[in-house]
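J.: Construct the entire structure; sequences and hints are all you get.
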Amino acid sequence: MQRRRPTSLLMRGLIARRSLSIAVLIAAGLTTAAAALGPMYAHAAAESTLRDELLAATSGQTGLHLTIAEPPVDTQLPPAQFDSAVQEAPRSLPHYGKPIGTLSWQVGAFGAGDAARGAAVWRDGECAHLVLTSGRCPERAGEAVVSARTLQINGIRWRSGTVLALADTTPGSTESLPVRIVGTYRPASALDPFWFGVDYFQEGEDAAGNIRVDTIFVARAEFRRLVESEVHASLDYPFRPTSVRLADVPGLRADVDRLQHQHSDSARLALTTGLDDVLDAAAHQQQLVDIGTLLVTLQLSLLGWLVLFQIVTDLAEARGPEIALAKLRGHRPWQVLRFGIAEPVVLLAIATPIGIAVGALAAVALGGSVLVPGTPVVITIASIAAAAAAFAGGVVATVLAGARVLRRPVLEQWRRTMRSQRPTRVSLVVDLIAAALAIGAFVVLRTLPAGHGQGTAALLAPALLVLAVALAGVRLLPVVVRLTLPATRAGSRVGLFLATRQVVRRPAGVRLATLLAVAAGLAAFAIGAEGTAVGNRLVRAQAEVGAATVVDVQPTGSGDPVATVRRLDPSGTWAMAAATWLPDGGGAVAGTVLAVDATRLAAVGDPTAGGIGRADLARAVRPRTVAPLAVRGTRIEATITASALRPGLQPQVQFDLRTPAGRTVAAESTLLRNGMHTYRATVPCAAGCTLAGITWDRPISIESGDMAGTALLAGLAAGGPGAVRPLAARLDDPAAWRAAVPVSEARDRVSVASGGVLDHFSGASGYGGVAFASTPPVLRAVSTPHGLVHNPGTGPPTVVDSFGTRAALQPVATSAVLPAVLDAGVLLDARSVEDLVPAFRTEASWQVWLSSAAPPDALARIARAGLVVQGVTTTAQRERVLGRQGPALSLLLLLASAVVGAVLAAVGTAVSIGASARRRSYELAALHAVGVRRGSLFRAAVAEQSILLLTALALGIPAGLLAAFLTLPVLPEFGTATPVALTFTPAVLPVALFAGAFVVLVLVAAVVSAAAVLARSGPGRLREAEE
Amino acid sequence: MTALEVTVEHLTHVYGAGEEAVVALDDLTFRLPAGSTTAVMGPSGSGKSTLTTILAGLQRPTAGRVLIGDADLATLSEVDLLRLRARELAVTVQRPDRNLLGYGTVADNVRFAQRGAARSERCRRPDVLEVLQQVGLPHLAGQRADGLSGGERQRLALAVGLATAPGVLLADEPTSQLDDRNRDALVELLCSLAGRVTVIVVTHDDRLGDRFDRRIVLRDGRATG
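Sequences listed follow chains A and H, in order. Using my numbering, read the first sequence as starting at 1 and increasing by one per residue. Using my numbering, read the second sequence as starting at 10001 and increasing by one per residue.
Hints are computed from structural coordinates only; laboratory data are not their basis. Beta carbons are placed, not taken as given, at the ideal position from N, Cα and C, and that holds for glycine. A couple of the hints might just be wrong.
What follows is a set of in silico ranges between Cβ atoms, one per label pair, in the way DEER data are often shown [unchecked claim]:
(1) H/Q10177 with A/A487: 44 to 50 angstroms
(2) A/R489 with H/R10214: 36 to 42 angstroms
(3) A/R338 with H/S10044: 35 to 41 angstroms
(4) H/V10022 with A/S19: 37 to 43 angstroms
(5) H/S10044 with A/L437: 37 to 43 angstroms
Part of the chain A face toward chain H, derived, beta carbon under 7 angstroms [to be verified]:
(6) M11
(7) V86
(8) L328
(9) R407
(10) L411
T.: Following this line, the structure appears as structure tokens:
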């Protein structure tokens, strides 16, 4: 007869005990999966954070900027040498795109009688990144394209075909080149990485008051015509962030380092890049993920190992008779050992690749939900090593679990009802020491100072606390239940009576209950912590972004963004103009100015946790003004009675108006004269304007001299020729008129007298006037504690623009945090800033904030309103990015792991109860034989299991919540610090839902297991037990 | 297959101590020649099971000697006892399912019994079919053990005992739970082993005792017959 291999017997055994085999397979598979998941997830998370950091960085930070210089000048060289310099530079670099050559020349442009300043630029391939609104791209020397909005500037009459003279602005240079405008453009996006973070589109005025136009793009050949002008030449290597994997980083750093050293001694080429800083930030995130993942994986693996130990113990017990038979047949000890552990070891071996695959799938699932889309999940060597370690741990668990059965004498094995494993005093002491150590370690972790990884190490704290509570609580259970014995003895409920006695005398379920308590506690902690973290991510994202959606826009022409957005959303419920501004030096603002349309902040902005509420903020910065004074017509006139004017020093009457588009209009009238006169001016207000005030302007002819006098404004009227009507100018209302903001050394004392508004004015230099109080005198400011820096002795704090215009700030409140600028800035009313700081509109970065109530086509509406959309940021996006930071990824892994742990513990519970059913069936059969009814036995079995399982939950879940309560304040939730006030109270509702589901689960398990035990408790059991 | 002599000298076994001590075997002495067949009989509590476990090397006697051939069970180490059971001493216990791997086939069970032998000795073991032919089960070699009838299982248990070609076969109640036909067949089988194996059967069955060379009747731990 053909000899059959012993493996066939082994396979038959596995099949015969398929329930236990499957249970071992599940437990071992999940344990292996947990072990393998950690390294795979950490690797994927590191890839994701790397990608996030690289994508979040600007092209200017990650790209390589190679400046080409000619000694001894640092940054300029004659353009003729550009080509030879380019030859020296590397033609291509891994992970970098084709270098973009740039030649730039600061010019004055003169054409059609108008002049402007700007830059003439050739940037290789620029036309692919411009939208040509007319004409074509420059193809040869003598051709140029200008921005479409340049042609809309007041005072610029250039058109397609206009020949511009581009003149070098370097003092002493006379070089000039004629170019013809062959087309107009608008940038596809000023934030396009192609531009390398350089703002080529800077329309406005420079400090000298010259009109500054967007870049004039010319052909490369243009620069060959230059002889003496200074040209800035550079090569930009655009970075390809999506091509970089974690494994590429060392090589990438080495390449950049090599290039920097290579060119450090070269006077012709100088390399600058911020890539190292970006990679360092990514490495920091990676470190946080690695630590967190390691701790979480260790916990889950340990839990899995304990469950596996529980199940293989049951498997070993189930194989006890076979092992006894092997001994009876004279198998040698090593043969018995091999026979005893072969089945679980084979199952572990089968489970290992399955576990790795499940781990990979879990990593893919987790990664797919939170990581950057497209992040690869790879089976790393570390994950295989972790799986191998899990396998080795499983073998150890198998040997430990089987040791008792393997050592058990044959005769003892044959005794069907074995002695229960009563806890010894030694094991009690061991448990108490373990609990004390766990609490000690928990306290140490909680009190560790913040630093490298200590915060993340707090992820270990919950497991320690939960373990301590579980060990101590489960040990106390029999003691507590013992107290109920007299009551149950006196009562009529036999089931309860039996159940309590079982718990007191047979604490075999202690290990099971401990395991379940730890699993439930970890799950409660993880759910509570993740719930809190999700809430905090939203809170932080809301504070950082400011509104549900923030659209970066560029105003076109001289359009007023505030007015534009008000027209866009007349209801004021879903859109608001806002701007961030870094004021010129010399002012009191230490951080960033956030200017908002205060009339809409409360409706459109998101809350800022830790700061003043939106409505209060809006109220605080809103200017104390009256309704604007509308002027409609082409003529305006004022009746003024002047006196005490000094001969030769009479000021000129000037009407200050604002068009609906927000443009200021200064309409000059005649010199002020003593006596009552009517002063008239022509104004471009057929479509309507608002009157800002009347200035006693200093004529150009009066450079200095005390320009003083008294002016009584008695009447105002506007209209067309011959049809002038009085304006409702509230000349008798003290709140409606005040002194205008003085320019230089001027002073006005304004009051309301009988007959009108009276101004006593004077000024050795500069000028003043009266202002209608529809514009504010000062900027009401809410600042962060360090947002304003000023010396009270030098007057009120001020803000200064690049023109040198200084506006006074009136601090009205301090907020720990402000929207968008967080803890370093000042909140102002945008309209007020526009009124008082002329350069603000061009210097600020404008945005449109949209609330969640914004219509779906809001972006299209913004574009139609004339604002060029340059970028969109949403709170949801920011939340996702925050959710991809290292600590958040660790917490998510903990949540997933804890849920898996709970499932594992539930599997272990079911298996354990099933395995103990046979043992318990002898006792129940005996009780039935002495007359206890089956109903009572069933209730007793249910009650016994319920007491154990519910105790586990009653210990584990509060312990988990307590751990969350104590640990969350020290557990990092973000990779970077935030001043936003976060919540550290665990989210109770999801924990309660989890607890409810778990209670149902364990009660079902108790009922099913009780039924299973009872079903096996037939009279036949007694015959077996007799032998 | 060489039959071995079994010698029991002043065998005493006591459970417990002090006032709770129970004497299960009391100064028991007998000698069973090699190749003989012996029935050990007696009422419940007479010490049959204790004698069986001591003869099987599963329990050490309190006093006295038990020799299987030249091997003194009282002085053998645990490993030597295992080796003895793997080579010379076959034991079949009372319930068939304790003798068998229920999920294994009939042939698996025979091979499992042979596995305890050293590799060098395995070639001298009888072929599985040969063993099964002795008990009339060669046609069931591929059947699962837990699918056999009661009689077939008892015969298989005997086959498992004979799988190592032992010198001594110790069987505890091999005919219990069998109908007459199966019992008679099994008795015939045991008797057919005489001369080749020293057969010791612990039984309540008088008819079995009648067919064997000798019978030892135990009462309160002493031999009375």
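J.: If a hint holds in the structure, say so; if it does not, say that too.
T.: Going through the hints against the structure:
no.: 1; hint: H/Q10177 with A/A487: 44 to 50 angstroms; in the structure: holds (48 angstroms)
no.: 2; hint: A/R489 with H/R10214: 36 to 42 angstroms; in the structure: violated (58 angstroms)
no.: 3; hint: A/R338 with H/S10044: 35 to 41 angstroms; in the structure: holds (39 angstroms)
no.: 4; hint: H/V10022 with A/S19: 37 to 43 angstroms; in the structure: holds (41 angstroms)
no.: 5; hint: H/S10044 with A/L437: 37 to 43 angstroms; in the structure: violated (54 angstroms)
no.: 6; hint: M11; in the structure: violated (10 angstroms)
no.: 7; hint: V86; in the structure: violated (79 angstroms)
no.: 8; hint: L328; in the structure: holds (6 angstroms)
no.: 9; hint: R407; in the structure: violated (11 angstroms)
no.: 10; hint: L411; in the structure: holds (5 angstroms)
Violated hints, in rising order: 2, 5, 6, 7 and 9; the structure is consistent with all others.
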